[in-house]
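Residues per chain, in single letters:
There are 2 protein chains.
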Amino acid sequence: MRIGYIQMNPIFGAVKENLAHVKLLMEGAQAELWVLPELFSTGYQFRTGEEAAGLAEPIPNGPTVRSLLEIAGQRGCWIVAGLVEIGPDGRLYNAAVLVGPDGIVTRYRKAHLFYKEKLWFATGNEPFPVVDAGPARVGMMLCFDHLFPEAARTLALAGADVIAHPANLVIPEYGQLTMRVRAIENGVFTVTANRIGTENRDSETLRFTGESQIVSPTGEVIAKAPRDQEEVQVVEVDPAKARDKSLNQYNDRFTDRRPELYRI
Amino acid sequence: MRIGYIQMNPIFGAVKENLAHVKLLMEGAQAELWVLPELFSTGYQFRTGEEAAGLAEPIPNGPTVRSLLEIAGQRGCWIVAGLVEIGPDGRLYNAAVLVGPDGIVTRYRKAHLFYKEKLWFATGNEPFPVVDAGPARVGMMLCFDHLFPEAARTLALAGADVIAHPANLVIPEYGQLTMRVRAIENGVFTVTANRIGTENRDSETLRFTGESQIVSPTGEVIAKAPRDQEEVQVVEVDPAKARDKSLNQYNDRFTDRRPELYRI
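Chains A and B are the protein sequences, given in the same order. Residues in the first sequence are numbered from 221 upward in steps of one, following the numbering used here. Residues in the second sequence are numbered from 221 upward in steps of one, following the numbering used here.
Among the hints, a few may not be true.
Any copy, or any two copies together, can satisfy a pair, since identical chains are not distinguished.
What the hints assert, rightly or not - Taking lysine-lysine and the DSS-like style, the derived pairs with C-alpha atoms no more than 27 Å apart in a straight line are: (1) Lys-336 <-> Lys-236; (2) Lys-336 <-> Lys-465; (3) Lys-444 <-> Lys-465; (4) Lys-336 <-> Lys-461.
It should be emphasised that the hints constitute simulated quantities derived from the structure, not laboratory data. Fair warning: this is a prediction, and the values are worked out from it, not measured in the lab.
Chain A with its partners taken away, still in its complex shape (with noise of 0.2 Å):
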């Protein structure tokens, strides 16, 4: 299975351009799952909660989840991507979905919010969602929840063979090495797509760090983007390779664990 991601520098409220950028990085490589940075058709840093309110969308009816269920029916492929949401309530959400060549399979709303994130957005309250993708089954997750071993470690015990991360990081380094980290413990492959270039709308300069990568079950890094530049990259994965929980043969991640000892 072709897995890749797509690291870009998304344009602070276009979002018809961003889309449009977003199709053609896509027409130079072939994936049957892609992963999208978090709100990559918006733009991160909103000044207010009546600035989000204006960009966010429903759920399948708004203008980025057509667009990617558009794209995903041309190329035959699975997408997974982050937006803001408008709920039937009002509330927005920082949301993935991910959708499929028949359509919307997915939808996620991010559990653990970052910084400002807590000011636009309603908590999601939803479980982690695990749902077929082709020949994978594929878990999603959004940025600031690599923090918490315990979002991979429910993807992965919810039978997530890959965990789609989409992500706008700003910490250097932690994102990248957590999620390495959530690969090994957990045997699992992890996508995770983060954006680039930074944004200033409030007066506070937010820089994100790209190094977009695809890690292994034993915890390789098997594609790694540059920090600074868009890059579109895809690699071949047997996502069964994440079904076999063992580490030797006397080891195995998920039935050596105690879950009687662990506080929660």
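Given chain A, work out where chain B should sit, using these hints.
For chain B alone, coordinates are given in the frame of chain A:
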């Protein structure tokens, strides 16, 4: 508070010599909390359960713990170290003790056994311990526990400022990488005391990976030993820094957790 590790190359079966060597290594430095490797007084690679039993000792009335108590009393320090314990029922455990100037403080029996340890040792069934050692609250885990994020998480949630991690690591890079992430995700200090050298006692060569390390709550590697040489290293840290779990004004490693969404 001064905390340190002793990275050493134990001689298999030579308990007296290993204890004397540790005493000598400590003489060059002063620390309030020392961490020694797993099974530092016996060596690691047993060939049979009988051989392990022959090197096992009760806690606290065995040569290793008595010697550690003597050192702790003389030097006015706390020491975490690994040994083979024989329980009152004759079972063997891969264990660790924390001893202080006033006597033995607590014991830990390894909860996640690695590889052929499963042939000799019973699995620990007691909670991961966190106890006071001078100004720090110290948690204990052993070697392979590093792969299970729940171990360090449980210690941190129970109040550990410093995670003492005696080890006999053999998989290159894994333990050093995961323990750095354990420090970051829990906002604690971690002290991994690993051993060096090789053992080949049952036709399989085990190569221990060294690179003992001390990591700060932000993930900075404050001290790191070489791969293949003995090293004594002590650093000054403020354990209270591990009690502030905030990452910024909006995020806190503990209060941001979403246990209701986590699978255990």
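(message) Need the list of violated hint numbers for this structure, in ascending order.
(response) Nothing - there is no hint that the structure violates, so all of them hold.
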